[in-house]
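Place chain V on chain R using the hints.
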Amino acid sequence: MFTAVGNTSVGLLAIFAVFPLVFAFGLELSEGSQLTFVTLPNVFPQMPAGPFWAIAFFVGFLFATISTGLAVTEVAVTTVEEETRLDRKGAVLATAGVIWLLGVPSAISSEVFGTMDFMFGNFGLPLVTLLIVLTVGWKIGPDRIRVLALNRNADIHIGRWWNPVIKYVIPAIMSFIIVYYVATNVASSFAQTAGGLALMTVLLVVAVIAMSVLRRGGEPAADTVTGDD
Amino acid sequence: MTGTAGTADAATGMADAMLVLSPTGWVTMVGVIAVLWGTAVWALYRSLSDEDEKLELIERQGEMDTYSSRALAELRERVTANPEAPLADEGRKRHNECVEILRRVDETFYD
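Protein chains in written order, with my numbering: chain R, 1 to 229; chain V, 1 to 111.
Isolated chain R, as found in the complex:
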């Protein structure tokens, strides 16, 4: 429940608390990661009780990123655990290791970080969310997942309202985000936009091929529904 409610709250906190600062100090929202890590640390000291606001923002940001990171990594860890012979510990180490390796270039170069942020933030995350939601909503069936897995050992009961949200609302929002980003960026940064879409397509194809190879090699985990939270 904390991942869902707490993460969303802190994410919204970051957005709404930052907007007044952005407008008051004439900052550019499009600065992206520069805004968070370079501009805002220079803005907070100019405010009364600056350290308090800085702590409220950055601790919230830390919680939001950690809880998001855990939730996102768990998807890969569960898949690796189910589709290979690795146990839980091995799957966590393998997944975290690959993520760490892939993150090294972004940690070294802010330019690479900016490009990756643009490509994965604008197209990668909405695309993955769209694919997962389409699979749950239109292939597996949202009610089946809700009744069997989501409400198992759950802290709060998820009602039938969840079904249309998964089937229609989230796919519509994700599709809008992807189309919006393509439409607004294709003219100003064609290379990055086209590169981002091409990279996501290649990654998608590679992931599908890798999964079919893995499934052929190991025991398929057909008809398995987990969900203990």
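Rather than coming from a laboratory, the hints here were simulated on the basis of the structure.
Glycine included, C-beta positions come from ideal geometry on N, C-alpha and C.
Where hints are given, some of them may not hold.
Unchecked claim - In silico lysine to aspartate or glutamate, EDC-like type, Cα no more than 20 Å apart, as pairs: (1) R:139 / V:63; (2) V:93 / V:74; (3) R:139 / V:111; (4) V:93 / R:143; (5) R:139 / V:84.
Unchecked claim - Some residues of chain R that are not near chain V, with every Cβ distance over 10 Å (derived): (6) 21; (7) 35; (8) 71; (9) 80; (10) 87; (11) 93; (12) 96; (13) 108; (14) 109; (15) 165; (16) 170; (17) 172; (18) 178; (19) 205; (20) 211; (21) 214.
This is chain V only, laid out in the frame that chain R set:
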């Protein structure tokens, strides 16, 4: 005199500093931080205390109920209405498992 001047300077400095944001900006910042931090902390507290309670039940009884009565009723309804659907066997297994646990345990997690 110096003390009075110093206090006046400090007050002016604070007033200037407050002008960094408009009153609406301050209200937004403070309100958002109070409401959203409050929600996040409540969610964290509720999650941790629920998990703590589950752990205590498992340590005491060795097992705990896996579905609330409402969720169990929905699961039963679904399995009964769709006996041949994919994952129906899994649904039946989970339903029966929860019913058997409810018969065995003294304390339940869900009311």
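Consistency of the hints with the structure:
1. R:139 / V:63: violated, 33 Å
2. V:93 / V:74: The hint holds at about 14 Å.
3. R:139 / V:111: violated, 33 Å
4. V:93 / R:143: holds, 18 Å
5. R:139 / V:84: Roughly 16 Å separates the two Cα atoms, so the pair holds.
6. 21: Violated, since 7 Å does not exceed 10 Å.
7. 35: holds, 16 Å
8. 71: Correct as stated: the minimum Cβ-Cβ distance to chain V is 13 Å, above 10 Å.
9. 80: Non-interface label on residue 80 of chain R holds, nearest chain V Cβ at 22 Å vs cutoff 10 Å.
10. 87: The claim holds: residue 87 of chain R sits with its nearest Cβ about 22 Å from chain V, beyond 10 Å.
11. 93: At roughly 24 Å from the nearest Cβ of chain V, residue 93 of chain R sits farther out than 10 Å, so the non-interface label holds.
12. 96: holds, 23 Å
13. 108: Correct as stated: the minimum Cβ-Cβ distance to chain V is 32 Å, above 10 Å.
14. 109: holds, 33 Å
15. 165: holds, 17 Å
16. 170: holds, 20 Å
17. 172: Non-interface label on residue 172 of chain R holds, nearest chain V Cβ at 25 Å vs cutoff 10 Å.
18. 178: holds, 27 Å
19. 205: holds, 27 Å
20. 211: holds, 19 Å
21. 214: holds, 22 Å
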